[in-house]
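Visitor: Heads up: the sequence lines are chains A and B, in that order.
According to numbering that gives the first Met the number 0, the stretch in the first sequence is residues 0 to 241, in order.
According to numbering that gives the first Met the number 0, the stretch in the second sequence is residues 0 to 254, in order.
On the chain A side, residues computed to face chain B include the following (Cβ under 8 Å):
#1 R104
#2 T186
#3 A199
Hints were generated in silico from the structure; no laboratory data involved.
The beta-carbon is built from N, C-alpha and C at its ideal position, and this holds for glycine as well.
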Amino acid sequence: MPDITLWFQELLAGNVIFTPTTLGYYWDGLVTTVQLVFLSLVAGLVLAVPLAIGRSSRHRWISLPIYLYTYVFRGTPLLIQLYIIYYGVVFFDGIQETFLWPILREAFYPALIAFTLNTAAYTTEIFRGAIKATPRGEIEAARAYGMSSGLMMRRIILPSAFRRALPAYGNEVIFMLHASAIASVVTLMDLTGAARFVYARFYAPFEAFLFVAAIYLCLTFAILYLFRWLEKRLLAHLRPQN
Amino acid sequence: MKKLLTVSILGVAMAAGTAQARDYDHVRFGVDVPYEPMEYRDADGELTGFDIDLGNALCAEIGVTCEWIEQEWDGIIPGLLARNYDAIMSSMSINEERRQTVLFSDPYITIPGAWFAPEGSEIEEISEETLADKSIGVQRGTTFDSYVTDNYSGVARISRYSTADDMVLDLQSQRLDIVFLEYIVGQATLLDAREGQFEVVGEMVTEPEEYFGEGFGIAFRQRDEALAERFNEALATLKEDGTYDEIYQRYFGEE
Numbered sequence: 000m001p002d003i004t005l006w007f008q009e010l011l012a013g014n015v016i017f018t019p020t021t022l023g024y025y026w027d028g029l030v031t032t033v034q035l036v037f038l039s040l041v042a043g044l045v046l047a048v049p050l051a052i053g054r055s056s057r058h059r060w061i062s063l064p065i066y067l068y069t070y071v072f073r074g075t076p077l078l079i080q081l082y083i084i085y086y087g088v089v090f091f092d093g094i095q096e097t098f099l100w101p102i103l104r105e106a107f108y109p110a111l112i113a114f115t116l117n118t119a120a121y122t123t124e125i126f127r128g129a130i131k132a133t134p135r136g137e138i139e140a141a142r143a144y145g146m147s148s149g150l151m152m153r154r155i156i157l158p159s160a161f162r163r164a165l166p167a168y169g170n171e172v173i174f175m176l177h178a179s180a181i182a183s184v185v186t187l188m189d190l191t192g193a194a195r196f197v198y199a200r201f202y203a204p205f206e207a208f209l210f211v212a213a214i215y216l217c218l219t220f221a222i223l224y225l226f227r228w229l230e231k232r233l234l235a236h237l238r239p240q241n
Numbered sequence: 000m001k002k003l004l005t006v007s008i009l010g011v012a013m014a015a016g017t018a019q020a021r022d023y024d025h026v027r028f029g030v031d032v033p034y035e036p037m038e039y040r041d042a043d044g045e046l047t048g049f050d051i052d053l054g055n056a057l058c059a060e061i062g063v064t065c066e067w068i069e070q071e072w073d074g075i076i077p078g079l080l081a082r083n084y085d086a087i088m089s090s091m092s093i094n095e096e097r098r099q100t101v102l103f104s105d106p107y108i109t110i111p112g113a114w115f116a117p118e119g120s121e122i123e124e125i126s127e128e129t130l131a132d133k134s135i136g137v138q139r140g141t142t143f144d145s146y147v148t149d150n151y152s153g154v155a156r157i158s159r160y161s162t163a164d165d166m167v168l169d170l171q172s173q174r175l176d177i178v179f180l181e182y183i184v185g186q187a188t189l190l191d192a193r194e195g196q197f198e199v200v201g202e203m204v205t206e207p208e209e210y211f212g213e214g215f216g217i218a219f220r221q222r223d224e225a226l227a228e229r230f231n232e233a234l235a236t237l238k239e240d241g242t243y244d245e246i247y248q249r250y251f252g253e254e
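Chain A with its partners taken away, still in its complex shape (with noise of 0.2 Å):
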């Protein structure tokens, strides 16, 4: 151990750029990070359960709007989707005197929408898919139970189809993780917004970017290990027996 704390000594320093100011930016940027992924992918989530239900019902009326939504936020670069709700709410007069206002004030609250409602959009199409994708003979044996569809999408459906999606949602978990370096663009100090501010007062590209690139690693490493355990757990019914 004291090697290591010695390694460490001797490697920051004569180092000019990551001193405990610009450490504190990269320590601030990491839990602007985490917060956001973290609060859209919740809120995303509980968007996409019933969404993916709507999504897989017969009748058109409920699943039409439903695919709109998903089409357009699945279609549009999500970039362009933080611009029109940062930058675009302020071109209605008065949004200033509204409820509103102090939430989209915020650079958080507008990019926390936009990444939840990006997020729900590709949950939904993975949780439809995990539903239509329930064995015939499942829903068969609900039905000659004598199950009602309600109880049977509760005991049956959805709880084979969250199994089949886990796999699928945790990718999902790391492209939004990834997807959210680029709240910087609105002024949002998340690890990207402080990698590129230690950037831009130092000139020193490589050293700022290669340490965030390192934390997002380390936090993409975390989400691997989370949903391959969930996965280890949930989805022990179909490893081979030995």
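Using the hints, position chain B against chain A.
Guide: Positioned in the frame of chain A, the structure of chain B alone reads:
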């Protein structure tokens, strides 16, 4: 092996260095647009402004052709070092921090910074008390960013923008309470273009030199001393024969 590699990289770098230290007959300028009236596009989409006109006049005086390459501000020095262009003429203040990386010409203009707020703003002077809990807008990586960050980051919230345009938009939409930028840029984009909506708060800021430097200079790569020297001579000539004054009049009126 490692040593050999270092030596050979050094060798290649040196060879490239000597190859590069040539006489330029074509100079490419990196410029961050828009920054009215220093550099912007006119109604026809033509690149124009004080820097552009002066740069073109300098090139004509030296007898080289020049080309303008647009580059966002926060990557403008790395772009020079990466040889995307040969010089930066984009309202860049000369200061010690930058001098570590680039070589500056003589200053060609001195311009103060100023605080701008919406007309009737409750901020009437600039101090830590009046700026407490306010949102200040600055352009990321500028000397103004460093000045505000070092002096007010403890009390106020600082929003950093890539372009001056985005910043003006957020000041207009009341996301920002006040912005800090070059006086003439604020004059063109806030006072003149949107008359009666914005006002200057407090004094113009030209001190300390640590941030605001000695004025704007053209930045070159360190090794291009000969080229910088030619521009310095040309600048002196233009100041003598009245061309400089004529260009100055064009953008800043009287004086």
